[in-house]
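Be aware that the first sequence starts at 882, since it is given in the numbering used here, and climbs by one per residue.
It should be emphasised that the hints constitute simulated quantities derived from the structure, not laboratory data.
Source: prediction; values computed, not measured.
All C-beta atoms in this analysis are idealised placements derived from N, C-alpha and C, irrespective of residue type, glycine included.
Just to be clear, a hint being listed does not mean it is correct.
As the list claims (entries may be wrong) - Straight-line distance between alpha carbons at most 20 Å, and here's what the computed SDA-like set of lysine to any residue pairs gives: (1) Lys1271 to Arg1325; (2) Lys1271 to Ser1185; (3) Lys1274 to Ala1349; (4) Lys1313 to Glu1341; (5) Lys1271 to Gly1324; (6) Lys1192 to Glu1138; (7) Lys1310 to Thr1284; (8) Lys1127 to Asp1077; (9) Lys1130 to Leu1119; (10) Lys1310 to Arg1277; (11) Lys1313 to Asp1270; (12) Lys1192 to Ala1204; (13) Lys1127 to Ser1185; (14) Lys1127 to Arg1169; (15) Lys1193 to Ala1143; (16) Lys1310 to Ser1268; (17) Lys1127 to Ile1174; (18) Lys1192 to His1132; (19) Lys1274 to Leu1354; (20) Lys1313 to Val1345; (21) Lys1310 to Thr1280; (22) Lys1313 to Leu1354; (23) Lys1192 to Leu1156; (24) Lys1193 to Ser1136.
Unchecked claim - Label pairs and their calculated CB-CB ranges: (25) Pro1003 to Ala1175: 43 to 49 Å; (26) Thr934 to Ala1223: 30 to 36 Å; (27) Ala1019 to Ala965: 51 to 57 Å; (28) Ala1204 to Val1027: 57 to 63 Å; (29) Asp1110 to Glu991: 35 to 41 Å; (30) Ser1342 to Ala1223: 17 to 23 Å; (31) Lys1193 to Glu1052: 49 to 55 Å; (32) Arg1230 to Cys1292: 29 to 35 Å; (33) Asp975 to Asp1006: 22 to 28 Å.
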Amino acid sequence: MSVNTPRLRFSPAPTGFLHIGSVRTALYNWLHARHVGGTFILRIEDTDVARSTQESVDQIQQVLHWLGLEWDEGPYLQSARFDAYLAAAARLVDESRAYECFCTEAEVKERNEIAMREGRPPGYDGRCRHLTVDERAARRADGLAVSIRFRTPDDGRSSFTDLIRGEVSVEWSTISDFVIVRSNGTPVFFLANAIDDLDMEITHVLRGEDLIDSTHRVLALRHALGHDDQPIYAHMPLILGPGGGKLSKRHGAVSVEEYRDAGYLPSALLNYLALLGWGPDDDREILRNDELIAEFELERVNTSSATFDPKKLEWMNGEHIRAMTLADLVSAVLPFARTRYADRLDVPRFERAVNLAQERATTLVQIAEQMAFLFTPDDQLEVDPQSWDKLVKVERAGTILDTVIDFVENCEWSDQIDPRGVIEALGVKPGKVMHVLYTAVEGRSQGLPLFDSISMLGRESALVRLRAARSRL
RNA sequence: GCCCCGUUCGUCUAGAGGCCUAGGACGCCAGGUUCUCAUCCUGGUAACACGGGUUCGAAUCCCGUACGGGGUGCCA
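Let the sequences and hints guide you as you build the complete structure.
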């Protein structure tokens, strides 16, 4: 009805953590809204009072904020609009487009199971469809619980145009009457969804493919409510776990919080998710948010479901880390450093270490861990067993350490303490034994560049560590 | 069971009838650069699910089969 700006909504159910698939739905809605200058609305679909939690409502908003998917309107809570839905349901009953149903959930379920067993299609059998006024009154007098069921058309087809898939249609006879108000008096998704999209003048509905079949029911409801116009629908492919099937906990992290805590950047997560089912029309893979917005085309979204690949996400996160300014990266790593070595953190050294780690890390957590040796007291430095084994096997390891200790003791101090000369003088190729020094100084045979590391630690601390390794030999 | 949607390298994808002896990216493998590791560079591996049509010509269009996913809830 409004022919003004496009209006889109992300409408999660607050029944748990925000799944990575839901995040992509939010992202595509947001991207399209921003791309066309539309309005992005957050609507919480909490009609299932029993399963919805305030905690989840808060979490959804936190996660969206963290990702930078800011909404323009809302959050609207459906639980605050029950009156509107119930009034509409009452109207539908008056008009005979819906009817009171006295079957209990358990009864319907049982009948469905019997039908399945006997090879008949399941679905509501229409038992309460044609009750007379008297029959209804009698049942109510018996104190039976009442739900309201929508009467679906008996024949004909339902169809709509999907922006991604084209025409989607189905035979009405395969869709049975469905509940729109539970016997506890609360409205069901289909009803609330239909009414809200109407009231909020939603123009584009982008959601997961799992909702494609429910579209027909929502459309029938809209029609019954007096609206024959349809929003533009686009059903996006689902995200599968490695090996196919639902992406679930057994595949690793499936909630955004887990990725955030593992040191992933919002920009990388968004970039990766955007590319799962869509791509710009050139070969670019690393895209900033503003580039995603500029390039995003709903018409280019794929039709087939995609498998989530943690490896590629990790690579992409590394790319985003490398693309950051040092100042941004420093503040991004800071919280991770604080939780690890809060009081020992010294800022100039931290910044220098971040700078060194930037080109060799894929997550923020990795960066924080790579520099841990800098903020660990000398006597608490943990030496990685494998690295130590490797050190022990080096011929003349003791001599090498002695020589380097002597060098570090007497050399002129600078920001690059390079012991290669004295090692070479021993007749040993420095490259082959450098891991000895890494292990002694950093606790691992691999890590931040050694010359910088010794310099950052300072002469005294470096000597303590080298001597500790020497005497442990 | 019935209904809906889908099917290009292991994975994400390009491909809208001839430009495809199918391109890019991740991964993997092999080299190179480098103070370690990583980054980076070079090269390699590897795919149009199958069967019928339509057409001079099909990865691209149609039909069927197989396979995968979703729905069939008083969940959303």
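Status of each hint after checking the structure:
{"no.": "1", "hint": "Lys1271 to Arg1325", "result": "10 Å, holds"}
{"no.": "2", "hint": "Lys1271 to Ser1185", "result": "48 Å, violated"}
{"no.": "3", "hint": "Lys1274 to Ala1349", "result": "17 Å, holds"}
{"no.": "4", "hint": "Lys1313 to Glu1341", "result": "26 Å, violated"}
{"no.": "5", "hint": "Lys1271 to Gly1324", "result": "12 Å, holds"}
{"no.": "6", "hint": "Lys1192 to Glu1138", "result": "18 Å, holds"}
{"no.": "7", "hint": "Lys1310 to Thr1284", "result": "14 Å, holds"}
{"no.": "8", "hint": "Lys1127 to Asp1077", "result": "29 Å, violated"}
{"no.": "9", "hint": "Lys1130 to Leu1119", "result": "16 Å, holds"}
{"no.": "10", "hint": "Lys1310 to Arg1277", "result": "12 Å, holds"}
{"no.": "11", "hint": "Lys1313 to Asp1270", "result": "15 Å, holds"}
{"no.": "12", "hint": "Lys1192 to Ala1204", "result": "19 Å, holds"}
{"no.": "13", "hint": "Lys1127 to Ser1185", "result": "14 Å, holds"}
{"no.": "14", "hint": "Lys1127 to Arg1169", "result": "28 Å, violated"}
{"no.": "15", "hint": "Lys1193 to Ala1143", "result": "15 Å, holds"}
{"no.": "16", "hint": "Lys1310 to Ser1268", "result": "19 Å, holds"}
{"no.": "17", "hint": "Lys1127 to Ile1174", "result": "28 Å, violated"}
{"no.": "18", "hint": "Lys1192 to His1132", "result": "12 Å, holds"}
{"no.": "19", "hint": "Lys1274 to Leu1354", "result": "11 Å, holds"}
{"no.": "20", "hint": "Lys1313 to Val1345", "result": "23 Å, violated"}
{"no.": "21", "hint": "Lys1310 to Thr1280", "result": "14 Å, holds"}
{"no.": "22", "hint": "Lys1313 to Leu1354", "result": "19 Å, holds"}
{"no.": "23", "hint": "Lys1192 to Leu1156", "result": "14 Å, holds"}
{"no.": "24", "hint": "Lys1193 to Ser1136", "result": "17 Å, holds"}
{"no.": "25", "hint": "Pro1003 to Ala1175: 43 to 49 Å", "result": "47 Å, holds"}
{"no.": "26", "hint": "Thr934 to Ala1223: 30 to 36 Å", "result": "32 Å, holds"}
{"no.": "27", "hint": "Ala1019 to Ala965: 51 to 57 Å", "result": "31 Å, violated"}
{"no.": "28", "hint": "Ala1204 to Val1027: 57 to 63 Å", "result": "60 Å, holds"}
{"no.": "29", "hint": "Asp1110 to Glu991: 35 to 41 Å", "result": "40 Å, holds"}
{"no.": "30", "hint": "Ser1342 to Ala1223: 17 to 23 Å", "result": "19 Å, holds"}
{"no.": "31", "hint": "Lys1193 to Glu1052: 49 to 55 Å", "result": "41 Å, violated"}
{"no.": "32", "hint": "Arg1230 to Cys1292: 29 to 35 Å", "result": "20 Å, violated"}
{"no.": "33", "hint": "Asp975 to Asp1006: 22 to 28 Å", "result": "24 Å, holds"}
Hint compliance for this structure: hints 2, 4, 8, 14, 17, 20, 27, 31 and 32 are broken, all remaining hints hold.
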